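Those protein sequences? They're chains A and B, same order as listed. Here the first sequence stands for residues 1 to 282, numbered as in the UniProt record's numbering. Here the second sequence stands for residues 1 to 272, numbered as in the UniProt record's numbering.
Just so you know, these hints were derived from the structure itself, not from any lab. Since this is a predicted model, take the numbers as computed values, not measurements. No residue lacks a Cβ here, since even glycine has one placed at the ideal position from N, Cα and C. Keep in mind that a hint or two might mislead.
No more than 30 Å apart at the CA atoms, straight line, and that leaves these computed lysine-lysine pairs for DSS-like [what the hints assert, rightly or not]: (1) B/K219 <-> B/K241; (2) A/K170 <-> B/K19; (3) B/K241 <-> B/K114; (4) B/K19 <-> A/K119; (5) A/K272 <-> A/K170; (6) A/K170 <-> A/K127.
Cβ pair distances, simulated, as ranges [what the hints assert, rightly or not]: (7) B/L171 <-> A/G257: 34 to 40 Å; (8) A/L275 <-> B/F248: 43 to 49 Å; (9) A/K272 <-> B/Q64: 49 to 55 Å; (10) A/R35 <-> B/S45: 30 to 36 Å; (11) A/K272 <-> B/L245: 49 to 55 Å.
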Amino acid sequence: MSAYSSVLTLDPVLPTQAATPTPRPRRRLWSALGRALLAWPFPLAVLLLWQLAATYEWVPSQILPSPATVAGTFADLWRSGELQDNTAISLWRVLWGFSAGATLGFVLGVAMGLSPLTKDYLYPTFKTFAQVPALGWLPLLMMLVGIDEALKIILIAKASLVPIALNTYKGLQNVPTTQIELARVYRFSRWQLLRHVVLPSAFPPIWNGVRYGLTHAWLALVGVELLASSEGLGFLIVYGRQLYQLDVVLAAVVVVGAIGWALDRVLAVIEKRLLRWRVEGF
Amino acid sequence: MPHAATLEIRGLSKQYQVKGDTLPVLDNVSLSIKPGEFVSIVGASGCGKSTLLRLVIGLEDDYQGDILLDGHRIVGTSLERGIMFQEHRLFPWLTVEQNVGLGLLNADLGEARKRDAVREHIALVGLEGFERAYPYQLSGGMSQRVAIARALVNRPEVLLLDEPFGALDALTRAYLQQELQRIWAQEGITMILVTHDVEEAVYLGDRVVVMQPRPGRIKRIVDVPLPRPRDRGDYAFAAIKEDVLSEFSDRPRDELIAEPRERNAVEWQFSW
Numbered sequence: 001m002s003a004y005s006s007v008l009t010l011d012p013v014l015p016t017q018a019a020t021p022t023p024r025p026r027r028r029l030w031s032a033l034g035r036a037l038l039a040w041p042f043p044l045a046v047l048l049l050w051q052l053a054a055t056y057e058w059v060p061s062q063i064l065p066s067p068a069t070v071a072g073t074f075a076d077l078w079r080s081g082e083l084q085d086n087t088a089i090s091l092w093r094v095l096w097g098f099s100a101g102a103t104l105g106f107v108l109g110v111a112m113g114l115s116p117l118t119k120d121y122l123y124p125t126f127k128t129f130a131q132v133p134a135l136g137w138l139p140l141l142m143m144l145v146g147i148d149e150a151l152k153i154i155l156i157a158k159a160s161l162v163p164i165a166l167n168t169y170k171g172l173q174n175v176p177t178t179q180i181e182l183a184r185v186y187r188f189s190r191w192q193l194l195r196h197v198v199l200p201s202a203f204p205p206i207w208n209g210v211r212y213g214l215t216h217a218w219l220a221l222v223g224v225e226l227l228a229s230s231e232g233l234g235f236l237i238v239y240g241r242q243l244y245q246l247d248v249v250l251a252a253v254v255v256v257g258a259i260g261w262a263l264d265r266v267l268a269v270i271e272k273r274l275l276r277w278r279v280e281g282f
Numbered sequence: 001m002p003h004a005a006t007l008e009i010r011g012l013s014k015q016y017q018v019k020g021d022t023l024p025v026l027d028n029v030s031l032s033i034k035p036g037e038f039v040s041i042v043g044a045s046g047c048g049k050s051t052l053l054r055l056v057i058g059l060e061d062d063y064q065g066d067i068l069l070d071g072h073r074i075v076g077t078s079l080e081r082g083i084m085f086q087e088h089r090l091f092p093w094l095t096v097e098q099n100v101g102l103g104l105l106n107a108d109l110g111e112a113r114k115r116d117a118v119r120e121h122i123a124l125v126g127l128e129g130f131e132r133a134y135p136y137q138l139s140g141g142m143s144q145r146v147a148i149a150r151a152l153v154n155r156p157e158v159l160l161l162d163e164p165f166g167a168l169d170a171l172t173r174a175y176l177q178q179e180l181q182r183i184w185a186q187e188g189i190t191m192i193l194v195t196h197d198v199e200e201a202v203y204l205g206d207r208v209v210v211m212q213p214r215p216g217r218i219k220r221i222v223d224v225p226l227p228r229p230r231d232r233g234d235y236a237f238a239a240i241k242e243d244v245l246s247e248f249s250d251r252p253r254d255e256l257i258a259e260p261r262e263r264n265a266v267e268w269q270f271s272w
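Sequences and hints are given; from them, build the entire structure.
Printed below as a string of structure tokens:
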């Protein structure tokens, strides 16, 4: 912040241009590109190793098909529309499960964060409930709701609810007293306090919870599709294994990974936009 | 020009409960402050000077005695009483103008009047051009100016300053003291400054209240009958500063003087 160092002298003249610390945009673009490039060597090395393993048949090709075979299978699945259909089904399930889980989680987190009484009632039970992984509930839920869509949506909702509720609760707990005192000095009503101080202050941890929640939702989805489904990307993985078509399995795995990554990226971009007031870490 | 208030503190005492024990923080403090007066309160840490401000602003209650603003007992916080803390306490997610504007959230003004008030007060502290900057883009001194603007934007009758420049470097501090003096003269409001910096207290105050700790009480009130702007190098200034400082150079309290005593090996232990 060398541009403002003149403030630190007795000279009463202040710099008058707007305060936006801009490292030259061009250089920033290059360094961003440079960092993005660094993500590539490792997966490329893995790909190379995979190719070598396939070429020299270190592993039988039925077990580890070559990258080219997997790419071919991917193209076939795409042409037949199987891949898109299954992806659409999976995304639809995540959308509903995550929406339900995020809403409930947020409400629960806010209730526990704002009311110590609610917290005393619910927190221990909630923590215990959170310790059982989504799939631990599967057998019981199968008996209760069958193996249809409801089962998947409930489990995905549970998986996203836990981190969102927990982070919302912690975020609200950690609003600094100094900020709350300030709100009292300016006589904020309860609603103003919530709207102008508590929620913005707790927003970064809440958003973190949302990101975890979506990741967990995606993981739970694939898990539940593996175990109890006849459609979706997870099903494609089991189906490929049952037919001993490891190329189908690998193609589906790549798609699962790529979509999971993309979902998180979307949230990361939104976060950057919403939290532009934050100092960049380093 | 806003109305400046008379602040009357009578027989004010306050205790904290610490692990079942009663710890007196303020003991029978009485102080009468005239409208438009600048009063500095100095004292070592633990003398209750910050507690005194927290009581006057209304962040704490449960005290004995009276705190009267223009003859009325204070109840809770009020927009008539502004405060500035040692930390700027700006909201990091709001820009400079939004931070100042938040002070007006409950003010009884129209939107246009509020916008004008925000603009005027940003100008008052000399931060035109920084309206859209976020706190992380400001230096410590600039952040404190924003805090001054926010504290004044409601046109309070009395402004309380709780070691407002304590965390700044010496040069910035000297400059902001000068600025604060200008603003005080321009606005004509009552100000009460709490500080542990004797020079700051003498430079700014019409009177300097010296407090002593355990329990916090007023030891002496020193008048500063010097014309403004004051010159820190001036002889009269230095004399008053010396006078105030002499209040702090007592011989150490008895309990702080350790009795020399015999040590033997049995007593020896690690300090951790």
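- Which hints, by number, does the structure contradict? Those not satisfied are hints 3, 7 and 10.
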